[in-house]
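Using the hints, position chain B against chain A.
2 protein chains.
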Amino acid sequence: MMCVRRGRPGAEEDIQTMNTWFNKFGFATPSGQCIDPDGKEIKPALEKFRDQINQSNDDISCCLITLMSHGREGGYILGKDGIGASLEEIFPLFNNVLCPKLQQKPKVFLIQACRGGKRDAGVSSTDQLSIETEDNDDVDEIRRLPTASDYYVVYSTQKGYVSLRNDVIGSRMIEIMDQVFSVHGMEWHIGDLFTKVCTQQIW
Amino acid sequence: MMCVRRGRPGAEEDIQTMNTWFNKFGFATPSGQCIDPDGKEIKPALEKFRDQINQSNDDISCCLITLMSHGREGGYILGKDGIGASLEEIFPLFNNVLCPKLQQKPKVFLIQACRGGKRDAGVSSTDQLSIETEDNDDVDEIRRLPTASDYYVVYSTQKGYVSLRNDVIGSRMIEIMDQVFSVHGMEWHIGDLFTKVCTQQIW
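Chain order of the listed sequences is A and B. Just so we're aligned, residue 1 is where the first sequence starts under UniProt numbering, counting upward by one. Just so we're aligned, residue 1 is where the second sequence starts under UniProt numbering, counting upward by one.
If a hint is listed, it holds; no wrong ones were tucked in.
No copy is singled out in the list; a pair is fine if it fits within one copy or between any two copies.
Distance condition first, Cα-Cα at most 20 Å in a straight line; then the derived SDA-like pairs of lysine to any residue: (1) 40 <-> 7; (2) 196 <-> 153; (3) 105 <-> 142; (4) 159 <-> 87.
Don't read these hints as lab results, they were simulated from the structure.
Pulled out of the complex, with its shape left as it was, chain A reads as follows (with noise of 0.2 Å):
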């Protein structure tokens, strides 16, 4: 766990919450302490986080890597000077060649930062709600929705990559669509299906 502490009130909160439930779910935490580097130390302190899994005769289960602080337009995450790493670059750092520990384990990431300087104004919902205040009255009251909200998003491929398709069967990703959805199309949640769908692309 990262989390820079500096120009950040209610980091501390944040920590202890995490911890809960680090421990709730027996997280270890073989890198000690939740670290609160310079930028430039971010990488190398995941790096060591990463060899130590590597090294551990351990059956690990899970990985879950927390980072919290400022963040910046383009996939920046900030140490505590300011100085930006790129998600980019600390993705991979945990991926089947690098930390072949976690093979066909969940590498999970979870990154509390801004992500640019927008913020969303919202927009009023369509739909009203009567609210019963205390003393009773029924007051209308206009729901506000973020601008974007229940996308669900499919790509066929990773970020930079070429997408598969064959001349004769048609697109792997629609092949394996047809074949999950033929199973379990009519029962399952959208978000199981797909899961099945990206799993059953690796094997």
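The following block gives chain B in isolation, referenced to the frame of chain A:
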């Protein structure tokens, strides 16, 4: 549904498969048949589709937008003339401001396209599989994995936007995680937990 056929053998099979599932799931297709546009026609075609949704008197429970074509690094999907349209400009066409009819309804995007030119050579798994061949000899086969798999990344905000943190309580996402995990943390799948965290941040 959009599907570029030029230089994409197998495209007809994809269209057929998708049409089967559009029908099975009972999707109406107000924009008619599958389109095969030039690059500059993609956004106007989607705007027309969106306007038909907005003007519909029917209840609409879900919207599925399937875009199948060549693609290019940086988030571009190409028309049949090779001119690209930016996905970052396409997604907002259906947001809560521009498409009020779909407020609180799932907007599902299937993007079957390349996202760059990289090819993943993969990595040998640390597992070994014994498989039986037709003549019943046991053969050791080494599984190959993609370089990156089993990642689950949670961001506290949308790309480009600020993230909320209360000076006293701590970060909004961590606060909601704590609430959701307290009720469901020991029972639910991680995907369901963070779907709940996401929706609870909206309301």
